[in-house]
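Novice: Listed below, chain by chain, are the residues.
4 protein chains.
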Amino acid sequence: MVERIQDVAHLGAVELLTPKPEGTLWFFHDLFGMEIVHRDGGTHYLRGYGDHAAATLKITPAKAAGIGCVAWRATSPEALERRVAAIEAEGLGLGWSNGDFGRGRSYRFRDPDGHAMEIYYEEVRYAPPPELRSTLKNLPQKFTGRGVNVRRMDHLALFCKSVPENRRFAQETLGMRLSEQVIFNQGRDEIGAWLSPSPVHHQVAYVADAAGVHGRLHHVSLWVDNRGDVMRAADILAENGVFIEAGPSKHNNSQGFYLYSYEPGGNRVEVYSGSYLIFAPDWQTVVWNEQERGTGVYWGATLPASFASYGTPVVEAQKSNATVIDPM
Amino acid sequence: MVERIQDVAHLGAVELLTPKPEGTLWFFHDLFGMEIVHRDGGTHYLRGYGDHAAATLKITPAKAAGIGCVAWRATSPEALERRVAAIEAEGLGLGWSNGDFGRGRSYRFRDPDGHAMEIYYEEVRYAPPPELRSTLKNLPQKFTGRGVNVRRMDHLALFCKSVPENRRFAQETLGMRLSEQVIFNQGRDEIGAWLSPSPVHHQVAYVADAAGVHGRLHHVSLWVDNRGDVMRAADILAENGVFIEAGPSKHNNSQGFYLYSYEPGGNRVEVYSGSYLIFAPDWQTVVWNEQERGTGVYWGATLPASFASYGTPVVEAQKSNATVIDPM
Amino acid sequence: MVERIQDVAHLGAVELLTPKPEGTLWFFHDLFGMEIVHRDGGTHYLRGYGDHAAATLKITPAKAAGIGCVAWRATSPEALERRVAAIEAEGLGLGWSNGDFGRGRSYRFRDPDGHAMEIYYEEVRYAPPPELRSTLKNLPQKFTGRGVNVRRMDHLALFCKSVPENRRFAQETLGMRLSEQVIFNQGRDEIGAWLSPSPVHHQVAYVADAAGVHGRLHHVSLWVDNRGDVMRAADILAENGVFIEAGPSKHNNSQGFYLYSYEPGGNRVEVYSGSYLIFAPDWQTVVWNEQERGTGVYWGATLPASFASYGTPVVEAQKSNATVIDPM
Amino acid sequence: MVERIQDVAHLGAVELLTPKPEGTLWFFHDLFGMEIVHRDGGTHYLRGYGDHAAATLKITPAKAAGIGCVAWRATSPEALERRVAAIEAEGLGLGWSNGDFGRGRSYRFRDPDGHAMEIYYEEVRYAPPPELRSTLKNLPQKFTGRGVNVRRMDHLALFCKSVPENRRFAQETLGMRLSEQVIFNQGRDEIGAWLSPSPVHHQVAYVADAAGVHGRLHHVSLWVDNRGDVMRAADILAENGVFIEAGPSKHNNSQGFYLYSYEPGGNRVEVYSGSYLIFAPDWQTVVWNEQERGTGVYWGATLPASFASYGTPVVEAQKSNATVIDPM
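Chains as they are written, first to last, in the working numbering: chain A, 113 to 440; chain B, 113 to 440; chain C, 113 to 440; chain D, 113 to 440.
To be clear, the hints were calculated from the coordinates, so they are not data collected in a lab.
There's no promise every hint is true.
Identical copies look the same in the list; a pair holds intra-copy or inter-copy alike.
[To be verified] Each computed DMTMM-like pair below joins lysine to aspartate or glutamate, with the alpha-carbon atoms no more than 25 angstroms apart:
#1 132 x 404
#2 132 x 243
#3 249 x 402
#4 249 x 200
#5 175 x 404
#6 249 x 394
#7 249 x 202
#8 249 x 301
#9 273 x 202
Given only the sequences and the hints, what does the whole structure look like? Please build it.
Specialist: As structure tokens, this is what we get:
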């Protein structure tokens, strides 16, 4: 067995596409308390107060909601080269770019399902303006106390046609650990896979898209430090007329304490806390069958039917034979 | 024994005097998340999102920090008359006024130490403007999620020269329950008394003023629903350069979870949660001696020396032979 | 208008009937962390660590689950006499008894729906054995840290055939405040009423029993100080195979943070925190119609259908023409 | 620059020496809710409910309190070999052993200060007995709800004569990241260093021992998921007469929410939550000088003088010229 070396450090940034950029900005800035650090035309770059990178969320106006580019940071320049070689060997590479805001050169690729991704190493360290400097030296930015005040980007979940194919790509080509899996029909149908490059439980999940299409987003997830903050987020969303799809409740899978809502552009967004860390280098993937998985909830609400079907871009039944969805 | 009837319903409103009204308003509005509901010249009236009355905090510009008028709401028109008669019998009455913002006619008086107070029954129910309407029908105002976002006025603590004299007034003339007491020197020196008209542990505390003066404020206290909110308040105060005098920690006396800071005008303000309710009609006052009281802390920080001596208005050593302090 | 005087101080104790007394004891002692303070044959008396009375929960073996006697404490001997006179005037009195464990003479009666109740004033103050003495002088008993470790009895909800009739009895004969109401069909069908003798939001709720029978219990509710403790209770119940019917989630009505489960005997038991206090003497009852009430949930799980129909004793369809249910 | 590869996965287990083994066991089993999984003579092996390994805490009777062997798990067999080679190159190796309970062959060594350590890869996965099986498939053991109920071993802090020497060993020989540092006297005196092999903020801290001796323990730290659990621990410790040295409060350095107590054997034990994760591969160590460091507290209690001086084994002034302390 070849020794596994961690080449991906962490999820670097997520780009969300939105047909209602003003509403989406209001959601992440006013309600979620993120800061806008950069603008480029109609595109905005935001950060949570605890994010190390200058920006971790890119909001891009588009015809339809959905996921843009998912950026992964490599652990070193050498690790970056190794992963690019592996991606190219899979035939999924798209080539080098000069890097998005706050990042150096990046290598663009697609996962097997067609989601746009890139990997990079060079990153500009965030330097806050005076009014956003924290009194805590180890905090990259002031805790402003505005709204939900999310700490950092945590993970995302991607719908895909074939969970095994994409899960193997994340494991073997990107080098992630498979933390948990949901497999139905006596081991035949892999419904979901939760993967991470680090002790964090998962930074990407692949979930089977019943619509049979490619390239959709299930949700992006922002971290808060306490379950009380998730419940406070529920109060804030409820007061502001934002649809809460599920939670606050506790998943069995991942043990995460979740709250799912849709931002005005239509993308599902989670406020997240809890979960658990995985340190064991010989971790045995926890596999759930139909009965063990149940509704995916340890306690709290059963997840509604929309949780299994709704994603962005929204697909109509007749369009579901499309291959890769391009909401741009 | 004469049957005790509850004639005071609750603490109605507190007036704070401040030499720095802009800073004080920033503190209560921007950091504490209270709403400004009324202005009268330089005076402002504020409320917490869960306060039933239109306004519970009045901020009045003055030469020095301190406490203005403390308003108590009676349980009924009859109760109001009974209490006015009792106050007049004590010779502490000042007469009727037309009532402050949001209240009907009120009877003014002073407690034995000289703090200005009034009692009233008629109150204008708060009607929020459209942007402050809550989606929760039983919440008088939207939870905005701004800063500490205190829920309501909870209680206040008053420095006084003679705790027994003022405590007896609150018990016998106002009809409050004596929840707890601190008595040192083998029962001779009453250092503090915690009183309430309702199951809430205390709505007023009388504390011995070592400066030997009259009429000072120890602190006013705003309620948040959870200890996590008190700790969140600590983060917000720390990030905004506001002095934290003590906490978040847990008192032994009252079991309250506290955080004490000074607003820019100099008044000590507490963010408070926890504590316990007292329902027993035959409650036996819990009395603490020196050893039992210790530092007043069950766990957390020992209270600093300033906690026993600092009050508003601030007194200089040479001025401490003053009788009643008038910061106006 | 006659002045309303508070004659009932608080809910004193609740008696639960159980066909599985061992399981019920395991539930309240081992899981909920209550102490057993007295035994009388197969009957057990328990308390939460913060209960002022010696015992607040009586567990009585019976053929079927259900509610036994609900005891209310009066605010004074005079108040007791006034309430007894009022109850007798309604023709609902049953007469004086010598009092249950820890209480003096008590007056027995039935509410209009037939639930057994009593009212008393004299109460024996709890004196803990050495191993249960708290290091906190104002805590009646040591916080043991066993399981859920509920603090105190909070309230109960009673099914009844006619909500208006029972609600009026609680208001007019017992003297409680009507905090909230659910009324459907344009004001014609009163579905639920939440009442309390004190600033606590409710200590008894009357809920319409769709089974059309009398005398059933909807749930009894135990208090914990924090929402985190409610979620910890969910973990403990889930780990011990106890059915969780709903929550942890937040009600719209009452704003309470709830967790409903069934103890092994079949009675629905709630772990409860949050909610809000009502101090205003001129409180306007908050009335919810169908649309406002929705599922009764502000955020979290929708309440399952069983929440509206399940009560104890369990009734079979054909038995539902019974008048008063006697599970003894 | 040579690419840094993570060869140490995590802190595997900590051995505590105690002159009062019964008291120490009571502390960790009854109060902290850990399970005893193995006994070997008077030595006991314990685990938190969330620990992946069978045992993470070894309690060994000894003449004096102190730290026994600190075990580190390697990320792979190859990583183990690389680290052993590096340790041997430093001349600090002691040789291979057959491994302690639950582990395969282990390589013993000492850090420059003389603390006993070992590194291993093979580990027996924990298999709970039926009564300790969790209903959560991804939880290695039932959450029992007993006492503090710590989730897992988190980190330890070691006193040492030379922080730079030991810190460099952890960085260069074991391959850890230096998260934070405290350096006084304009960069001359390194007082403390916080290191970790993973995104967890620190799993070992080296702190300057003012006593000028070697081999002492500052504290071991157990993790709970929420700050509410830390405060609950404070209640439990206070109720059981266990000395609380500091907290619950929030450190500035590490942002951890801490509670420090001494177990009956005398070792300082922390209950810990919060803190933050470090994902950036190019993390710049946060360095604190005297003014920035202050008392080491962001809010809450100032740490008492004992926090800087007390360690185990306890040293008397005259003994402080000892080189390596052997409490066995």
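Novice: If a hint holds in the structure, say so; if it doesn't, say that too.
Specialist: Verification of the hints:
no.: 1; hint: 132 x 404; in the structure: neither (39 angstroms within a copy, 29 angstroms between copies)
no.: 2; hint: 132 x 243; in the structure: between (29 angstroms within a copy, 22 angstroms between copies)
no.: 3; hint: 249 x 402; in the structure: between (47 angstroms within a copy, 13 angstroms between copies)
no.: 4; hint: 249 x 200; in the structure: neither (41 angstroms within a copy, 37 angstroms between copies)
no.: 5; hint: 175 x 404; in the structure: neither (40 angstroms within a copy, 35 angstroms between copies)
no.: 6; hint: 249 x 394; in the structure: between (36 angstroms within a copy, 17 angstroms between copies)
no.: 7; hint: 249 x 202; in the structure: neither (43 angstroms within a copy, 34 angstroms between copies)
no.: 8; hint: 249 x 301; in the structure: between (49 angstroms within a copy, 19 angstroms between copies)
no.: 9; hint: 273 x 202; in the structure: within (18 angstroms within a copy, 53 angstroms between copies)
Hints 1, 4, 5 and 7 from the earlier list are contradicted by this structure; the remaining hints agree with it.
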